[in-house]
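Trainee: The primary structure of each chain is shown beneath.
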Amino acid sequence: MPWQRETFKKIKQIPREEHVLPGTTLCAGCGGLEALRLAAKVLGDDVVYVNAAGCFTMLATYPFTPFKGSWLYTTMGSAPAGAQGVRDALDVLIAKGRLPKNENLKVVVLGGDGSTYDMALSSTSGAICRGLDFYYFCYDNEGYGNTGMQLSSATPYGARTTTSPCSLQHPTGTMQEKKDIFEIWRAHKPPYIATVSPRYPLDLEEKFARAATFAGPKLFLALSACPTGWLYDPSETPEVAKLAVETGLWPLKVAINGGVTHTYIPKRKPVEEYLKLQGRFRHLFEPTKQEAAIHHIQERVDAYWEQATAEKS
Amino acid sequence: MAGEMMTGNLAAAWGARLADVDYIPAFPITPQTEIVEALAKWCESGAMAARFVTMDSEHSMMTAAGAAEVTGARVFTATSSQGLLYAFEVLYSVSGWRAPLVLVNVSRALAAPITLEPDHNDVLAARDSGFLQIHAETCQEVLDSILMAYRIAEDERVMLPAIVNLDGFYLSFTREPVIMPDPERVKLFLPPFHPAHLGFTASAPHALGVAVLGGVPYTYFRHQMHLAAMNALEVHREAAAAFERLFGRRYDVIEGYRLDDAEDVLVMTNAFASKGKAAVDAARAQGRRVGLLRLRVIRPWPADAIRQALQGRRAVAILDQNLAPGQGGILFQEIAACLYHEALRPRALCSFIGGLGGKNLSEGEFRAIFEQTAQAGVQGKGIGPVLLYTEAEHREMVQLQVLAGALKS
Amino acid sequence: MQAVRFHGRGGQGVKTASRILGAAAFLEGFRAQDSPIYGAERRGAPVSAFTRIAKEPIRERGLIAHPNLVVVADASLIQDPAARVLDGIDDCTVLFVNSPLNPDQLRAQTSLPGRLTTLDLTGIALQQFGKRGAISALLGAVAGRLVGLRQESIREAIARELGDLGLAASAIERNQKVALQCYDAVPVMTIEKGAGPALVAAHLHVPTYEPPTRGSARISASANSVLRETGGWRTFRPVLVPDKCNGCWLCFAFCPDGVISMTKDDKPVIDYDHCKGCQICVHECPTEALVAEREKEGGVAWRAK
Chain A
1 MPWQRETFKK IKQIPREEHV LPGTTLCAGC GGLEALRLAA KVLGDDVVYV
51 NAAGCFTMLA TYPFTPFKGS WLYTTMGSAP AGAQGVRDAL DVLIAKGRLP
101 KNENLKVVVL GGDGSTYDMA LSSTSGAICR GLDFYYFCYD NEGYGNTGMQ
151 LSSATPYGAR TTTSPCSLQH PTGTMQEKKD IFEIWRAHKP PYIATVSPRY
201 PLDLEEKFAR AATFAGPKLF LALSACPTGW LYDPSETPEV AKLAVETGLW
251 PLKVAINGGV THTYIPKRKP VEEYLKLQGR FRHLFEPTKQ EAAIHHIQER
301 VDAYWEQATA EKS
Chain B
1 MAGEMMTGNL AAAWGARLAD VDYIPAFPIT PQTEIVEALA KWCESGAMAA
51 RFVTMDSEHS MMTAAGAAEV TGARVFTATS SQGLLYAFEV LYSVSGWRAP
101 LVLVNVSRAL AAPITLEPDH NDVLAARDSG FLQIHAETCQ EVLDSILMAY
151 RIAEDERVML PAIVNLDGFY LSFTREPVIM PDPERVKLFL PPFHPAHLGF
201 TASAPHALGV AVLGGVPYTY FRHQMHLAAM NALEVHREAA AAFERLFGRR
251 YDVIEGYRLD DAEDVLVMTN AFASKGKAAV DAARAQGRRV GLLRLRVIRP
301 WPADAIRQAL QGRRAVAILD QNLAPGQGGI LFQEIAACLY HEALRPRALC
351 SFIGGLGGKN LSEGEFRAIF EQTAQAGVQG KGIGPVLLYT EAEHREMVQL
401 QVLAGALKS
Chain C
1 MQAVRFHGRG GQGVKTASRI LGAAAFLEGF RAQDSPIYGA ERRGAPVSAF
51 TRIAKEPIRE RGLIAHPNLV VVADASLIQD PAARVLDGID DCTVLFVNSP
101 LNPDQLRAQT SLPGRLTTLD LTGIALQQFG KRGAISALLG AVAGRLVGLR
151 QESIREAIAR ELGDLGLAAS AIERNQKVAL QCYDAVPVMT IEKGAGPALV
201 AAHLHVPTYE PPTRGSARIS ASANSVLRET GGWRTFRPVL VPDKCNGCWL
251 CFAFCPDGVI SMTKDDKPVI DYDHCKGCQI CVHECPTEAL VAEREKEGGV
301 AWRAK
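Chains as they are written, first to last, in this note's numbering: chain A, 1 to 313; chain B, 1 to 409; chain C, 1 to 305.
List of simulated lysine to aspartate or glutamate pairs, DMTMM-like, C-alpha gap at most 25 Å:
(1) A:Lys68 to C:Asp273
(2) A:Lys96 to B:Glu156
(3) A:Lys289 to C:Glu173
(4) A:Lys96 to B:Glu44
(5) A:Lys12 to C:Asp243
(6) A:Lys12 to C:Asp271
(7) A:Lys101 to B:Asp20
(8) C:Lys267 to A:Glu239
(9) C:Lys244 to A:Glu239
(10) B:Lys187 to B:Glu244
(11) C:Lys296 to C:Asp273
(12) A:Lys267 to A:Glu291
(13) A:Lys289 to A:Glu246
(14) A:Lys12 to C:Asp266
(15) A:Lys96 to B:Glu37
(16) B:Lys187 to A:Asp91
Computed far set for chain A versus chain B, every beta-carbon distance over 12 Å:
(17) Gln150
(18) Ala215
(19) Val260
(20) Lys276
(21) Ala308
Calculated directly from the structure, the hints in this document are not laboratory data.
Small disclaimer: the values here were computed from a predicted structure and weren't measured.
Heads up, the beta-carbon is just placed ideally off N, CA and C, and yes, glycines get one too.
Kindly produce the complete structure, drawing on both the sequences and the hints.
Mentor: See below:
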């Protein structure tokens with residue numbers, strides 16, 4: 001069934017009110033913050049953000065918080081377990097009459113890809129398996145960004161990070177493929193999974209709005225273009241986020257009760273256009289162009305979409 | 001004999017049940033598992049009005065426990081050994097959140113080599129985590145200490161989490177009579193949980209556990225935890241008095257056994273202190289003026305009480321059921337430090353390491369402790385660390401090594 | 001000992017500047033020590049770094065409380081209390097500020113103490129490199145000149161440090177060339193040795209217990225991050241050309257920090273106290289109604305409140 005936006009059809013439907021206020025020390029041009037800000041416009045203020053160690057740790061640094069809602073900093077490996085504790089406690093207190101129902105809150109995990117793909121995978125798996133009613137917001141900037149961009153399981157093939165530098169032995173930098181966390185999540189059979197890109201704000205808003213109708217785990221993978229770690233000018237964050245989608249590298253999709261729908265079918269520009277913009281891929285183009293590596297990336301994208309279209313038909 | 005027969009583990013579960021906790025995140029580990037099994041059953045049957053959740057690890061368990069506590073629920077959880085260490089970083093988070101939950105640790109020696117029986121390297125590894133620590137000698141004390149732990153931890157002057165420790169096997173699976181506190185009286189002892197600084201709600205949002213940058217706020221907040229822990233000494237005194245009034249049993253931060261005229265004192269903790277008391281009786285019967293000091297509250301460290309109990313003694317022997325490789329006994333160091341300023345400090349401090357991995361302490365080993373301690377006192381020169389490990393045990397050990405082929409090379 | 005403190009914003013290259021200075025001193029046979037302050041530094045956030053140079057062994061560590069030379073890579077930091085640019089400065093301290101203003105103009109605006117010297121490094125960088133970015137080599141060269149290091153050692157130090165960062169040989173050469181222009185152009189002030197403050201024992205304070213509502217790292221204020229201004233992070237500010245604006249909302253939608261709000265008649269209003277100057281709005285505006293203007297002291301410059 002083709003995806004149609006029901007609530008967010010025009011850009012002027014994006015709520016004016018801000019729920020993540022300015023004054024944070026996140027980098028200028030942060031794609032993760034761009035996505036969170038848009039998500040929060042749907043989530044509102046009746047939220048407890050349960051944060052895993054990562055760039056977003058810097059959102060709330062004593063004595064400042066950008067949120068009108070609540071915040072709990074946990075650990076890198078266990079934010080979903082923190083969400084479990086908060087959710088369960090709210091439910092118990094409401095059931096026992098110690099907390100009025102109108103004081104109830106949504107519980108939202110914030111985790112970077114390092115936490116999401118690597119360290120907190122067990123904790124996330126447990127929370128999904130237990131059917132925890134929560135949102136999971138992964139800001140995926142494809143590396144350990146808060147420590148200066150090291151390799152994570154979300155780092156794509158061909159990207160250079162500080163721990164997967166390019167060398168004679170490894171001319172492409174990162175050799176491994178990006179872990180498919182979407183499918184790992186989907187194997188757990190949660191009711192709602194979505195990928196988003198902040199350059200497609202209506203798609204993003206719609207997905208958060210739609211998720212609200214589902215009880216249980218609601219998982220979001222937000223492409224978080226990162227000028228600091230991906231090495232491009234901060235003004236190009238939306239451009240990079242757009243090309244990720246238009247080349248087909250970052251498919252916009254949802255999985256509702258396991259069924260996958262692509263919410264946007266790109267015409268698929270050559271991946272080169274996306275790669276070229278970013279310093280982390282510069283070694284694929286100079287001093288000599290690594291045709292094989294670029295071709296490999298293109299092939300993987302093509303294979304993905306061939307399969308996706310085949311399944312659809 | 002009053003009460004009913006129950007294991008230390010069941011007594012711990014009863015402690016949580018009587019404390020009317022709201023939430024129990026759990027994860028199994030020997031020798032703790034019986035505690036969460038009992039609680040799961042009670043939550044399922046409706047005997048307890050708490051939510052029980054089996055988590056995916058102790059790390060997740062401790063996080064969920066702390067997160068529920070800061071949301072305003074009264075939380076209980078339990079672990080042991082490797083589980084405590086797997087949860088370790090979260091212990092520091094939970095205490096920093098000032099979340100006054102109670103964690104029961106059933107002591108079990110740490111891998112490697114992996115084993116099942118107790119010593120105290122697990123719980124003492126957490127001594128700097130900001131958790132209060134109460135170490136129990138009997139099954140009754142396990143139950144009573146959990147109730148006291150909630151009252152002390154939840155006091156506005158403290159607001160720190162607490163560990164109640166019991167020895168694996170020697171208490172966890174050991175049955176003895178336990179008198180069940182009257183639930184109505186428990187309600188008088190333990191008021192409902194309404195912390196001012198905790199509880200996420202729509203109308204009163206706040207951010208907790210936020211990052212601080214620069215050393216100044218960090219220093220301030222960490223020092224506040226120290227002050228809070230030190231406040232727990234006074235709060236414990238009040239709780240002990242109230243507990244005695246309501247239930248007729250008295251627990252102080254330390255317990256003296258036949259100390260009055262003792263010239264030499266043996267210091268112990270946990271379940272083996274019972275054996276130590278028997279050894280004191282035996283030594284007394286032979287004319288030695290010895291006594292035993294049992295440390296019950298390890299955090300906060302009751303330095304004044306320890307000083308008062310040990311001042312003017314000829315010699316003091318500290319039996320550490322733990323070993324800090326490259327240093328010796330952990331409690332020995334802490335006792336030595338708090339006696340340094342004492343004008344009438346003992347002439348000799350003796351360090352003994354024993355009961356590692358649950359190894360038995362024989363009457364003969366206690367006899368050796370008292371003899372060596374007396375001699376050290378006469379000579380005015382401390383000894384140790386002395387390993388409690390006998391020649392007979394070593395012969396057994398060599399046999400095992402032969403079987404393992406270790407002597408071939 | 002010469003104690004040099006660098007202040008800048010994340011991304012300007014003050015850490016590398018401190019290393020260029022340290023390396024250059026080392027190459028000239030001095031004992032040297034350089035270190036950054038690591039915190040939650042982000043591109044644009046105030047950062048600092050330190051270089052110590054001496055003939056004798058250096059028995060200090062960490063931050064420099066009483067610098068002989070302060071190098072300020074971004075003039076907007078002077079008014080930012082979080083940056084602490086003026087800490088421990090006395091009449092002997094030499095202050096270098098990256099600014100197009102001359103010392104008298106700058107002093108008139110900022111009432112800076114110490115002995116001032118200025119050069120418009122950002123202007124030079126924009127002119128020579130054609131884009132905003134790190135100015136570490138320029139800062140290092142200026143600092144090297146002011147503490148009396150030689151051109152050759154600065155040139156070599158730039159090659160080493162930028163090489164370590166993985167810059168191409170051509171980029172390093174360009175940096176060396178422009179840096180040495182700055183080396184020659186910066187007005188020199190001789191660094192004098194101040195007496196330093198009189199040493200007295202600190203008055204220690206023993207905190208008393210407070211309930212955890214105050215005594216723990218807890219924030220009950222709502223969305224108070226707005227009290228922290230990030231306007232000083234900008235090199236360029238987005239400025240609206242109202243006639244060109246078609247009211248499309250894209251700038252509002254894409255601003256990561258939420259500093260753009262839309263009026264009732266769909267015109268963007270930019271909160272310059274918090275705009276970090278990422279230029280996303282300028283880049284994305286379909287009608288070129290938002291243009292980038294360089295932040296300069298005086299004129300349109302943003303100043304912290």
